[in-house]
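Please build the complex by placing chain B on the supplied structure of chain A, with the hints as guidance.
Going line by line, the protein sequences match chains A and B. In short: position in the first sequence from 1, add 958, done, that's the working numbering. In short: position in the second sequence from 1, add 41, done, that's the working numbering.
Think of the hints as simulated: they come from the structure by calculation, not from any bench. Just so it is clear, the structure is predicted and the values come from calculations on it, not from any experiment. Any given hint could be a false lead.
[As the list claims (entries may be wrong)] Footprint (simulated), chain B over chain A, 3 or more residues, beta carbon under 8 Å:
no.: 1; stretch: 1195-1206
no.: 2; stretch: 1816-1827
[What the hints assert, rightly or not] Straight-line distance between alpha carbons at most 25 Å, and here's what the computed DSS-like set of lysine-lysine pairs gives:
no.: 3; chain 1: B; residue 1: 217; chain 2: A; residue 2: 1718
no.: 4; chain 1: A; residue 1: 1771; chain 2: A; residue 2: 1720
no.: 5; chain 1: B; residue 1: 217; chain 2: A; residue 2: 1720
Cβ coordinates follow ideal geometry from the N, Cα and C atoms, glycine included.
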Amino acid sequence: MNGRRGERRRGGCLALGLIALAGWPGIEAKGEDLRGPEEMLQEAAAAIHGADFAGAMEHYLRFEDAFGAEADVAEVWREIWEARVSAAVLSGQTETALRWLDEPAIAAQGLSSRRSFWRGAALLESGDPAAAQEALADAAASRDLGTDLRAMVLPMRLRAACAAGQWDIAEGILRGLRETAAAGPEIDVLEWRVWMERGDLLGAWEFVCRTGWPRLFGARPSTAGLLLQRLGMLLYEEGQTREAIWCWQRVPSAEEASGVIQGWPREAVKGPRDWLGRLAERERAAEKEALDSLTGARSAARWMMAQAFLDTGRLREAALVIEALGSAEGDTAAVMEYTLAECWMGAGHPLRALRCAESWLERRGGAPAEAEACELAGRALRALGRTAEARETFRAVFEIAGASALGCRARLWEAICCLDLEKPEETLLLCQDLFEDKRTPREVAAAALYWKGMAECLQEWFGAARRTMEAYLKDWPDGLHAGDAAFRRAFTFFAEMEYAEARQAVEVYLANHPGHESSGEALLLLGDTLLAEGKLDEGLQCYDEIPATDSRIVEEGIFRAVEALRLAAQFEPMRERLVRFLEERPESARLPEAIHWMGWLREREGDQKKAAAAYWEALQRFGDRWECLAVEDLLVALLRIDRSADGGGLAVRLEELEREAENGKRRVLFVRCLWARALLLERSDPGPARVLLQRAGREADPALQHPRVLLDSARAEREAGNILLARKRAWDLCRWHPRASQRGEAEALCGDLALESGEKEKAAEHLRRAERLLVDPAELARVRLLRARMLTGDLGKPGSAPRTHRASADEAKGLLEELLADPASPASCRAEALLVLGRLTRASGSEQKALAIFERVYLLYAGQRSIAAESYLERARTLEVLGKSREALEVYQALLSHEELQGEGAVREARDRLAVLKSASQEGTP
Amino acid sequence: MRMGWGLIRLGWALAAGVAPGLASAPEGEDVVVLRNGSELRGTVKDLRGRFLKMNVRVGESDRAGKIERAVPLADVERVWFHERLAAMGPGDSDSLEGFWESRRRYLAAPGSEAGEAGLLLARRLLDAKGVRTARRAEAIAREVSRQDPDAKRQQAAQCAMVEALVQQDLLDDAEKALTTAVDSSPALNASGQLRRARSTLAWARVLELEAEFPRWRDDPEVNERHMDWVDVALEGAIHPFLFDPDNIPAAAAGLEDAVCRLAHLGRKEEAAVYAEDLARLYPDSPQAERTVEWRGEPPREDTNDGEGVREERENENESNRKGTQS
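Excised from the complex, chain A in its bound form (with noise of 0.2 Å):
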């Protein structure tokens, strides 16, 4: 055996420092249980060649075990010792290279950098990565490293830097690394976390904006999604919000980031020298390895991203991104739910925020956060103006929470409904239960407490509800509502006529409660108090020193002082103050309650024509004002005084004052005199009054001329069978002045037009818009019997029968029954309405009720001679469908009996239907 291999050793030699010379050669190796030294390190060459360093470990230490200690292998041995470290080290035997490293032999041999890089290398191996860092350093700080190593001692100097906390070390890594050559993405994840462990975290951030996440992501998908996530909490609590949430928009869910892994290309190590490679190969596995982490992080980070936007009281941001998260479950889900509900409110948007809400119920009621849920739903509903279901909601809730604070807190809501529902009493009651409960919260109680004051004061229980507010002034002084119950209670004294005390009680709020909203009122109601004590001076100094800031009161001020001077019989007063408001106040709503005054004063002293003149001055001064709305009123009045005056001078001023509108191109002056010619010529000549107002309508610039004038021509274009010019005056009018108290009547037209247009779609919009709006009763009457009319089919043609779906039949009765409980409505629609009602009903199968309906109409309603004469026909038709020919017979010669009726269109045919009848039963008579 000895012989065997020393023969083998001798052969060997020359083997050897070939291997040694030309490194890793490719090398057949042969496997044989007895191999001389040659063969084994021919074998860990090839091993080596193969990247399989574990193997080429095994036979270096078998090499070692058998001729370590042999000195004529001790040269090759020594040669070799750079293969052997690196397979060492990348087979994860550190302590073995390490000792290797330590061997007087290749200590003996120079190369000392070369050392030190594998020295750093088998440290950071072995987790020392300080050490490795010293050893790398010293690497790096010599020239003779060699090219091959020296670009492999920057990069591996950064990980042990960073990997041993050393940030300033590896930042004057970094600015090497950057001069010498370009870093790859890996580097720049590196760095990313040299600025975030520096505490520059916008500085990581901008690090990460230039040199762009995806590029980060795609290098190290795991470590650059958690650090992103890191990035961001910690932005965030230095209150770098929006930077918080751009890190968190991007934070990537397990599945992008293995697909991203799952993408990267089967990148070999270049050579076995390719530590870079090796680390980087490791780096990899390690990134799988962290997937897990990232698991639900998205998710988490879109949860921090809503967060913040709340915080930041960006409620909508924060509801879609809630939206967006998806589907959760158990109790996660149930806070994003009611969360997002609660953004939704809070962002303006009750209709979500109920659905949200009303999901949340159906999904978990019965859930501990239920009435939470029920309470939110409650405000959503009273927001939507669904008042009596709020009502209702905020019971449940109740119901559900008892007395908890926010059980108590939905009473307080849901005496708050009641008061809107106009039911004070109920108010009264529940205030006074939460006030009395002990377990009531002390906030809530305090609120209730104020609310039942307010509800004794609807009530006009004064004096109650005075001593509920001082209870309340007493027990809060500070409270929410102090400043509102200090003034209420001034104000049920004076409601009470106690006028001194009243006085007094007003001073005391308008001390304690400087600037508070009600400061106006209550001065008017300072005001008012002296008035009714005779302090005439004192009340006109109290309404003058009404704050400018609410017009409103102000104006309110002026003429209530104007009511007291005139009350007073102090007209000069009267007169200079109305005055001082025409000058001040031109486009005032209240400039023709002024304007009358002035008028008024003129005609006391005797004289119509002074008032006329003061008239004529006012329209000259303002008529050319398109925000004097009064201007109308104005000439109106004018045109009362001429007409009893017998006059018809106004004419012919008008005239010219037209003119000199329209030279002076004073438009609005202009189309008001023609509108107001039109209404002088109305009576005696219509035709040129509707020619006049055609021409203002055509003249008028629709944002700026009263809605009265655009009606008035829309009526006239109607008139003159301009149907479309007609439709563009009234909905001119509509679109431009929404609020006009002409808008129904406008809405009407529109409605009517459409319907002679044969666009039912559209009428039916104009028309259920006009029975919102309408005041006057008569045209609301003829536009609710139009709809149910329209609803039903029923166009007014004599014997129509309704068709029509239940729905719309529902709707066309409840528009019926509307119309009959009005007592306002006209007799002609009454009696048109309970026509149309019968037929509906008699088409609903209700022929006995229907039979009652039509009787009505001919009862109650005789002197509708038409409709009344229908209605007999239809009593008539109902019985004979009913099979009742004998008193359908009847029926038809109670019509015929009735002369006032004979001119009727439907007697014709009841007089056909009679002769059938009466044949029918002669041939029938045996």
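Frame of chain A, contents of chain B only:
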């Protein structure tokens, strides 16, 4: 023809991405791979009908000649056009036009990139925001949506069509196109393109409503409708910023839309928030520069006084003029 396309569709679908084996094709030549494995190099002349017609290179290098050949489409495995869309510069509109015009004949062939070119061109035309350009964009988008076999491109084309119709003030048509798009593919609802189209349409509706009802604030019913449209318009605008933040052009454009829309509505505080988003998160975008005036703008009360009415009138006249032009 349809049958022919059906047979070779799969091949083309593969060729639409990369053709690694053909990377060595000489520049300026189209490559047709036949089912039998052989390749023809030259210039594809026509793909319509039952035959593929091409000028085929014969011979090598300087002695090469060309003959015209017609190959039955059924024999064609895939086509690799030499001119690639990706090779074009981002601002190269003329080349894009040329590309589209030369390739639109082959729109139904997935490997032709005609659909992509059409969509790119349509987007550029839409960005120009003119009625004429919008009309052209609509025509291109319509063509792509009808002929391109790729479902995603069809959907993108439908969305572009909606935007083009909105730009032409044909809102009812846009509404119909949108409904058709969603009906044909309910999944489209979640796409960014559809959100953008819907948002654009909603904002157009807002403006239409305001022109129709200049005092919309005074009419609760109109106000409610106005609010609904505004919500859709705003939420669509900020959607890319919230959920597709790395699509910087879309996110920044959406934020700018939000700023302008809110500024138009007088909600200057909210506009300032989005302007600040732009400045902080997309500082290099042109939108950030354009919205600089809205940053930190103190809220101003929106008064509806005489001046307001005059402005309203002017706005209405302006919109009427626009309507007449369109």
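We went through each hint and held it up to the structure:
1. Coverage of a stretch by a chain is defined here by at least three residues with a beta carbon nearer than 8 Å to that chain's beta carbons; for the stretch 1195-1206 of chain A and chain B the count is 3, and the condition holds.
2. For the stretch 1816-1827 of chain A, the assignment as covered by chain B is violated, since 0 residues bring a beta-carbon within under 8 Å of that chain's beta-carbons and 3 are needed.
3. Among the hinted pairs, residue 217(B) with residue 1718(A) is consistent with the structure: their alpha-carbon atoms are about 22 Å apart, no more than 25 Å.
4. Taking the CA atoms of residue 1771(A) and residue 1720(A), the gap is near 21 Å; set against the 25 Å cutoff, the hint holds.
5. Pair hint residue 217(B) plus residue 1720(A) holds up; C-alpha atoms about 20 Å apart against a cutoff of 25 Å.
In this structure, the one hint that does not hold is number 2.
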